[in-house]
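Trainee: Turn these sequences into a full structure, and let the hints guide you.
Residue numbers (the working numbering), protein chains in the order written: chain A, 1 to 220; chain B, 1 to 220.
Think of the hints as simulated: they come from the structure by calculation, not from any bench. Do not take every clue at face value.
[Claimed, not checked] With a straight-line cut-off of 25 Å between C-alpha atoms, the simulated PhoX-like cross-links for lysine-lysine are:
#, chain 1, residue 1, chain 2, residue 2
1, A, 186, A, 220
2, B, 214, A, 202
3, B, 62, A, 62
[Claimed, not checked] Some, not all, of what chain B presents toward chain A, calculated at C-beta under 7 Å:
#, residue
4, 22
5, 28
6, 32
7, 33
8, 36
9, 49
10, 53
11, 54
12, 67
13, 74
14, 75
15, 113
16, 199
17, 205
[Stated by the list, open to error] Every beta carbon over 10 Å from chain B, so not counted as near; a handful from chain A, in silico:
#, residue
18, 87
19, 114
20, 120
21, 217
We put the CB at the ideal spot given by N, CA and C, even for glycine.
2 protein chains.
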Amino acid sequence: MSKKKVGVILSGCGFKDGTEIHEAVFTLLFLDKEGVEYICMAPDVEQTFVVNHLTGERTNEKRNVLVESARIARGNIKNIKDVNPEELDAVILPGGFGAALNLCSFGTEGKNMSVNPEIERFIKKSHSLGKPLGFICISPVIAAKVLGNEHVKLTIGNDKATAEVIESFGAKHENKNTDDISVDEKYKVVSTPAYMLGPGPKDVANGIEKLVKKVLSLIK
Amino acid sequence: MSKKKVGVILSGCGFKDGTEIHEAVFTLLFLDKEGVEYICMAPDVEQTFVVNHLTGERTNEKRNVLVESARIARGNIKNIKDVNPEELDAVILPGGFGAALNLCSFGTEGKNMSVNPEIERFIKKSHSLGKPLGFICISPVIAAKVLGNEHVKLTIGNDKATAEVIESFGAKHENKNTDDISVDEKYKVVSTPAYMLGPGPKDVANGIEKLVKKVLSLIK
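Mentor: Written out as structure tokens, the structure is:
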């Protein structure tokens, strides 16, 4: 039996302007522990902005989402436009503000957000092929926007304002703790709050481990 | 009983010019799992260079080690010059080329390397206070340079050229596998090869989990 392959969509490197690093690394760890091959992917676009993670202030730098994501992937990463969803068994999106800034515009436009066309195409196609999808931290807003009219069940923890945006797209939000997951068996969508709630690596890792195992169990 | 505190010295964010991200995140995870508070630290210096992790090529950018390390630490990081080793129970150094480029000059000068004065002071002081020290991946070259004349036992895996440099400083190298550790009980120094050998997150995490547990067991 050949190894299962799971795509991991990254959005930069650092939670204030890119992928939440811990969430991404735990995703790769638990996929590797389950004997699954992971394919890291990111869009080849400029970051919406760059934040100095020491001071929290925006800088004047320009950074590229694919290039910065390669730091987490140890150089082993693909431009998402070059990946065919049919080659993968499942897809997982870690969070961080990068998911809300570089993969969609939730971070700047709230409920008026749009999703990067490559990301939207990839998720829609994967979903239509019956591939399970995992969404971590803030990334369920992307699931809600792209799949919400199917009343897909999602969690981003317990943040009321974000939950309202998710429900405004037609998805159903349920409150969950950091070390727990929301599972929509019908649509094969799994989500976990991770650093939307914190408090630290141990609890976030527990939630992501459950998400990875559940996503893998939903592969046909 | 108050929580134990362990310092984690970072060297940027990304294995080709900074901290090996997976190694750092696993260190934080296993410290958190053991109920230990971690204090991330880095020197406030410019990176030796910046590498595009997608192409592997050097760029013309300037990045600061403390600022980039803050991405892994989620903003919760201190300038190492402001930390008193007496406040910590142990210290761990993840690897990545950052350890060999930004914390010392092994990456550019080999056996003629020197160690950043703040890092040297911190490690010497911690060691003289009897604090256990953990070194991951390439960072044992720093231990060898600073503590080598005590014939401290170390591993960087099985790379002959690096092992020879380590022994040239007076330390003793022993070959180890990725999921194993080298322990010098007398000098309270623990090391593990991590991504000096690879092959991926699962094995690297196993070695780092052993290292973290052993370092904590050596605290007086």
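Trainee: Could you check the structure against the hints above and give me the numbers of any it violates, in ascending order?
Mentor: 8, 9, 15 and 16
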